[in-house]
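**Student:** The chain contents come next:
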Amino acid sequence: MKWFDKFFENKTRNIARTSSRRSFLSNLGKAVVGVSVIPALPVAKAASGGAPAGAHYPGVSPQTSGSDGDPGDPTTCEYWRYCGIDGFLCSCCGGSQSACPPGTEMSPITWIGTCLNPADNKHYIISYNDCCGKAACGRCFCNRNEDDTPMYRAFSNNDTNWCVGASSETYVCSTAVILGTSIES
Amino acid sequence: MPNRFRVRSLATLGIALLMWLPLASHANDAQTKMKYTLFCSGCHTADGRGSGDPRIPDMRNYVGYFAAVEGGREFLIQVPGVSTAPLKSKELAQIVNWMLRTFSADQLPDDFKPFDEQEVERLRQYVLRSELGDTRKALVTRIEEYKKNN
Numbered sequence: 013m014k015w016f017d018k019f020f021e022n023k024t025r026n027i028a029r030t031s032s033r034r035s036f037l038s039n040l041g042k043a044v045v046g047v048s049v050i051p052a053l054p055v056a057k058a059a060s061g062g063a064p065a066g067a068h069y070p071g072v073s074p075q076t077s078g079s080d081g082d083p084g085d086p087t088t089c090e091y092w093r094y095c096g097i098d099g100f101l102c103s104c105c106g107g108s109q110s111a112c113p114p115g116t117e118m119s120p121i122t123w124i125g126t127c128l129n130p131a132d133n134k135h136y137i138i139s140y141n142d143c144c145g146k147a148a149c150g151r152c153f154c155n156r157n158e159d160d161t162p163m164y165r166a167f168s169n170n171d172t173n174w175c176v177g178a179s180s181e182t183y184v185c186s187t188a189v190i191l192g193t194s195i196e197s
Numbered sequence: 044m045p046n047r048f049r050v051r052s053l054a055t056l057g058i059a060l061l062m063w064l065p066l067a068s069h070a071n072d073a074q075t076k077m078k079y080t081l082f083c084s085g086c087h088t089a090d091g092r093g094s095g096d097p098r099i100p101d102m103r104n105y106v107g108y109f110a111a112v113e114g115g116r117e118f119l120i121q122v123p124g125v126s127t128a129p130l131k132s133k134e135l136a137q138i139v140n141w142m143l144r145t146f147s148a149d150q151l152p153d154d155f156k157p158f159d160e161q162e163v164e165r166l167r168q169y170v171l172r173s174e175l176g177d178t179r180k181a182l183v184t185r186i187e188e189y190k191k192n193n
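Residue numbers (the numbering used here), protein chains in the order written: chain A, 13 to 197; chain B, 44 to 193.
It is worth saying that the hints were derived from the structure and are not from the lab. You can trust all of the hints, since none of them are fake.
Straight-line Cα separation of at most 30 Å, DSBU-like style, residue types lysine-lysine; simulated pairs:
(1) B:K131 / A:K134
(2) B:K76 / B:K133
(3) B:K156 / B:K180
(4) B:K76 / A:K134
(5) B:K133 / B:K180
(6) A:K134 / B:K133
(7) B:K191 / B:K180
(8) A:K23 / A:K42
Could you build the full structure based on these sequences and the hints that come with them?
**Tutor:** Quick look at the structure:
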């Protein structure tokens, strides 16, 4: 076993000769901090797939509006018109961003907000009409809540079930219909 | 003749202002309509027909009657949707005037005076809450009488 002792003695002496205790501590510190910081970087987030931009609900294929003035994919939560939405996207449920799935009824009353269209940098008035009357769609849940107000301001709160105005109060999914452009005052 | 020159330039300015006025009021209407869309139309719908729910009644060819009966003018501002709206009194006055003109011009009394900022500011201090339904019922009765006599 002499060779074994010799081997480790040499290795240990080699390490002791070529490195200092301080450099060991500083390297250990770098490793501890580095490992904890890497998952917080945006690059790491995109790679890990936790709510990344442009994510697709399984089984739903990408869509476009077909117009350069209306950019983005209406089956993803990042689509510009969804800035105040809270619910299942009708685009993933057999409807579209402005139409209800067949067999459902669009609620006549709704909540209304504005979203910035990145194509022309203008604010558009968006009506988040709910579709009602069948079982809840369950696909592509999206809750962005920009400009959402607390429940006591019911007319600009998106947690309200707006199907109260339709003949059936069962909520299916939400649309985002453009009503016009917002004029600066 | 500096004096005459000044008179003439003032007149020119006046004519220019007159030509500009209709344009300005048109722009205001578009603004007002946009605010109605943003703050009211979610429930009252774009054309004022409401949702079919009795709590959101049809305003078309009706809401103007409120301005014709006693207590109706106050009611138009004190309904919670108007008085508690997150808008300045000046904007509210413009929106209510626009709604009356747009949805129910024929029902407005001949001597109808549009709301102004001060009147709205004063009236909206009081918000109809639990007595809302009874107040409205009484006004509708008054409107029915008014219709018979006019």
